[in-house]
Every structure is written in structure tokens, then in C-alpha cells.
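Given only the sequences and the hints, what does the whole structure look like? Please build it.
Each protein sequence line maps, in turn, to chains A and B. All the letters of the first sequence, read from the start, carry residue numbers 1 to 253 under full-length UniProt numbering. All the letters of the second sequence, read from the start, carry residue numbers 1 to 253 under full-length UniProt numbering.
No wet-lab data here; the hints were simulated from the structure. Please note that a few of the clues may not be correct.
All copies of an identical chain are treated as equivalent in the list; a pair is satisfied when it fits inside any one copy or across any two copies.
What the hints assert, rightly or not - Pairs of lysine to any residue, SDA-like flavour, derived with a Cα cap of 25 Å:
#1 Lys31 with Ala11
#2 Lys200 with Phe42
#3 Lys44 with Phe145
#4 Lys217 with Ala175
#5 Lys93 with Ser40
#6 Lys93 with Pro41
#7 Lys217 with Asn155
#8 Lys44 with Ser61
#9 Lys93 with Val49
#10 Lys44 with Leu151
#11 Lys93 with Gly66
#12 Lys160 with Ala70
As the structure is a computational prediction, the values presented were derived from the model and not from experiment.
There are 2 protein chains.
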Amino acid sequence: MAPCGEKSEGAISSIVIIIAMQTEAMPLVHKLELEEDLDSPFPKGVPWVRYHGAYKDLHISIIWPGKDSALGVDSVGTISSSLVTYAAIQALKPDLIINAGTAGGFKAKGASIGDVFLASEVAFHDRRIPIPVFDLYGVGLRQVFSTPNLLKELNLKIGKLSTGDSLDMTPQDEASITANDASVKDMEGAAIAYVTDLLKVPAIFVKAVTDVVDGDKPTAEEFMENLVAVTTALGQAVTQVIDFINGKCLSEL
Amino acid sequence: MAPCGEKSEGAISSIVIIIAMQTEAMPLVHKLELEEDLDSPFPKGVPWVRYHGAYKDLHISIIWPGKDSALGVDSVGTISSSLVTYAAIQALKPDLIINAGTAGGFKAKGASIGDVFLASEVAFHDRRIPIPVFDLYGVGLRQVFSTPNLLKELNLKIGKLSTGDSLDMTPQDEASITANDASVKDMEGAAIAYVTDLLKVPAIFVKAVTDVVDGDKPTAEEFMENLVAVTTALGQAVTQVIDFINGKCLSEL
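Okay, structure coming up:
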């Protein structure tokens, strides 16, 4: 890769995309013509799946935490996404992590079904530790890697992302989400940001809205109704993000 | 080690003890005369600390996730404990994992301050996903490695352990803890069990009660008051557990 930018920084060559659900991952796997890695870099016995391949000047891996081996459902949530992020960084040493997935959106913050958000910062809404300083650790507010040019070029919405391990929302969750000033809520983002921060890998978060949390319909029902259609929009948005990244340095994003 | 048991199984030789807080770890580090590993097996930049050494016929590592590098408080909770459990198993390939720590206890289930519980099973109480089968994934109920002889010999209390990332307890948490039939609640156990199950390493959970959740005092206050005294009891109990394990096979526990 040719050097670019003021420092002797190279163009981005390797991207890892973390996606929690198979339904969210497959449109992108097909669009980028990636193939499953049958000689996985992960330990024996874990259900984690890597799809990878060359796309333009990039080497791209999509990591999906796979189906829970006992229950057969996608391994969603903060723990499995933290583990695959850690293991993928150790094994693949990517230049950039992208966490892509669906999310609940708040109409009070301008979110509608099918909107695609880029997160400006991430935090947790279900880790309440009411002891000074531990309270801040629980919230785990993090700025994400700043990509002003990408944001301008692609005309995505920008908003804060709040993460918790439940699909529903209790009054305490809602108070924390309001305190986090979040436009979208998901079940992985802030956990992935914790790991990328720990290992000093830049990360961005692309979230497509499947349900309006402060709307009339129950979240679980609306989520299931819109999941397939919205993942198509998500796949298109992530492809645009990758096309924009191709050939650029981190500092040009 | 001499073989023991019916299979050609060897005696346990290597134990990893995961402890979330420094205050919980240090009495045991001193009692077992362990030393900090200055050539850590973990990636550069992570705050994870390993204390290790020989104790009787065992090689013992205590892994503490360290202080959060931005905030300076212990890296408590499910995400950092999952990560260190994963990384410790990959690096050290222990025969057995012990998760030791403090917990809230329920007097309705017979728990008092200073009691030491061995968990019979673990589950989460703050991962509500109201979609069929995902709901069970969220609860993440797991049997832990069964140690009937250890339980009988040491006269510990036995009870179910429920895990969540908050120190407090909302009405929804309480309903889930009741559904989990838990005697004690902590912030790491079920997450560590998830990882040990994934990687097929037997694990046991030793939890000392610092506060009575269904009592009169606020949890945070009672937790801080009792933390130091209870960690001494925890250190003694874990030492007894290790003394019992020494020279035995897994099937003899």
C-alpha cells in the first residue's frame, strides 16, 4: 500500500467486521463475496465463524459469534461479542474494527425504522454500580474513532449508542439511556468498544434501526417483523462504508 | 503426578483462580505466597495481573483483571471477567478454574454476612430477551462442575448463584433472581461459567457474603463496610478448597 497522510501511515488494509446475528451477517457476506474460513483461527469447540476474502484493496473478515451450541440461537450480547472481538484482534491484527448490526431507535431522537446510524459515542445502560468512580466504570462511556469525512460523504445519521444485554427496556434502563443521551440501543456496541479500547484498535459502529423503542409496538414483535428488510439496508450501508474506506488511511476517514 | 481414579486420569496439577477485585485477591495471594508474574502471558496494554507460584503439589495462578486504566477502579463485571477467563485458559491451560469473590446473599435463602457458598448452578438475571429460546440463552443457566466430596468435607453452604452487571437490584432483576432460585448474587460468576463451558474446562464458584440483599441496609454501604473482613473469610475458605484439591483427581472432588 502506498503511504498516505502526513505521518508515514499506510492505507487501511485489513478490516474485521463483528456482526452478532447470522441474519444480519449473510447479506454482507454475499455482497462482498466472502467465504467461510474452514481453518478458523479460533480455539476448537467455539461456535465462532469467520467469513473472509479480498474486496478491492482490502482484506475483510466478518466474524459472527455463531449459534449457541446448546440452544441453537445466535450468540448475541456483550459477553460473546467481547470474546470474539478480543480473539479476532489477537489472531488477525486488523487496522480497523466495524461493529455492524440492528438496533432499537428512539423517535424522540429522530430515529425511524430502516435508518442507519453511525455512533458518535457508546455507553452501557444496565451496569449500575452506585459507588463513586465505579458508577462511571459501569456506564463505560467511550468516544468512538472519529470519521468526519465518512459521515459527510455517506449522509448517515449520527447519534449516541447505548448498550445492554436485554432486548426490552426497564424504567431503570430507560433512565440510563436518557442519561446517555442515546439515539439507538443495541446489545453489543459498548462491549466491543471496551475491548477495542483495551487493545488500541480503532472501531466504528454502524447500526440499522429495526424497531422504535418509544413507539407503540412491542420491541420483540417489531424487531422480528423488520429484521430481514432492515438487514438489507444495513448490508448496503456497510458496503458504502467499506467502499469509502478502500484506499484511505485512518486519518482520512 | 500419579494416576488416580478409574480412568488414566492424573491428579490436578494446575489451577487458575479468577478474582475480580484486588481487595478480594490479596489475602489469598499472601496466604499462598504467590508472586506477580512480571512477564505476563497477556497482551501488552491490558491491566490484567497474574500472581502465581507452586503451592504443595499444585501450580496456582490468581488472575485479577486489574484496575481500569482510565478510571483506576477494579475491572469488575461480566465482560472483563469473561475476557481474562478466556485469555487465561488459552495461555495457561489449567485443569480447573475457581472463581472466588464476594457476593450479596439472600436471608430468605439462609444467607448471612460472612457465609461462604459453593455454587450448585449459575444463571444471569439481567439478560432479558423475550423471544422463544433466546430467553433461555439470556438466562444462561449452567450446572457447575460437581464436587460432592469437597462440599461434604468442608461444610460450606451450597446454593444457586445469579449474576448481573449491577450492584443494585431492580424489581425486574429481583423477579429473575427469584426465578433463578438464587441464594447469592454476584457480578461475574455466570459469565465465567459461559467461557469455561465454551472451552470445556471444569469450574467451581466460591462466594463469600458481604451484604444481605433482602436486609435493611443499602447494598453499596453494607458491601463497603464488610468487604475487608469478609475477604479474609473468603481467603481461608479458598485455601481449604485448594488443600482439599491437592493430590486429587477431578473425579475425586
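Results of checking the hints against the structure:
1. Taking the closest pair of Cα atoms, Lys31 and Ala11 come within 25 Å of each other only inside a single copy of the chain (23 Å); across copies the shortest separation is 52 Å, beyond that limit.
2. For the homomeric pair Lys200 and Phe42, the shortest alpha-carbon distances inside one copy (21 Å) and between copies (14 Å) are both at most 25 Å.
3. Proximity of Lys44 and Phe145 under a CA criterion of 25 Å is satisfied inter-copy only: 21 Å between copies versus 32 Å inside one chain copy.
4. For the homomeric pair Lys217 and Ala175, the shortest alpha-carbon distances inside one copy (20 Å) and between copies (24 Å) are both at most 25 Å.
5. Taking the shortest alpha-carbon separations for Lys93 and Ser40, both the intra-copy value of 15 Å and the inter-copy value of 20 Å come in at or below 25 Å.
6. In this assembly of identical chains, the alpha carbons of Lys93 and Pro41 lie at most 25 Å apart whether taken from the same copy (12 Å) or from different copies (17 Å).
7. Neither within a single protomer nor between protomers do Lys217 and Asn155 lie at most 25 Å apart by alpha-carbon distance, with minima of 28 Å and 52 Å respectively.
8. Taking the closest pair of Cα atoms, Lys44 and Ser61 come within 25 Å of each other both inside a single copy (19 Å) and across two copies (23 Å).
9. In this assembly of identical chains, Lys93 and Val49 lie within 25 Å of each other by CA distance both inside one copy and across copies; the values are 17 Å within and 23 Å between.
10. Proximity of Lys44 to Leu151 under the C-alpha cut-off of 25 Å is found in neither arrangement, the shortest distances being 39 Å within a copy and 32 Å between copies.
11. In this homomeric assembly, Lys93 and Gly66 come within 25 Å of each other (Cα to Cα) both inside a single copy, at 21 Å, and across copies, at 24 Å.
12. Taking the shortest Cα distances, Lys160 and Ala70 sit within 25 Å of each other only across copies (20 Å), while inside one copy they are farther apart (34 Å).
Violated hints for the displayed structure, listed by number in ascending order: 7 and 10.
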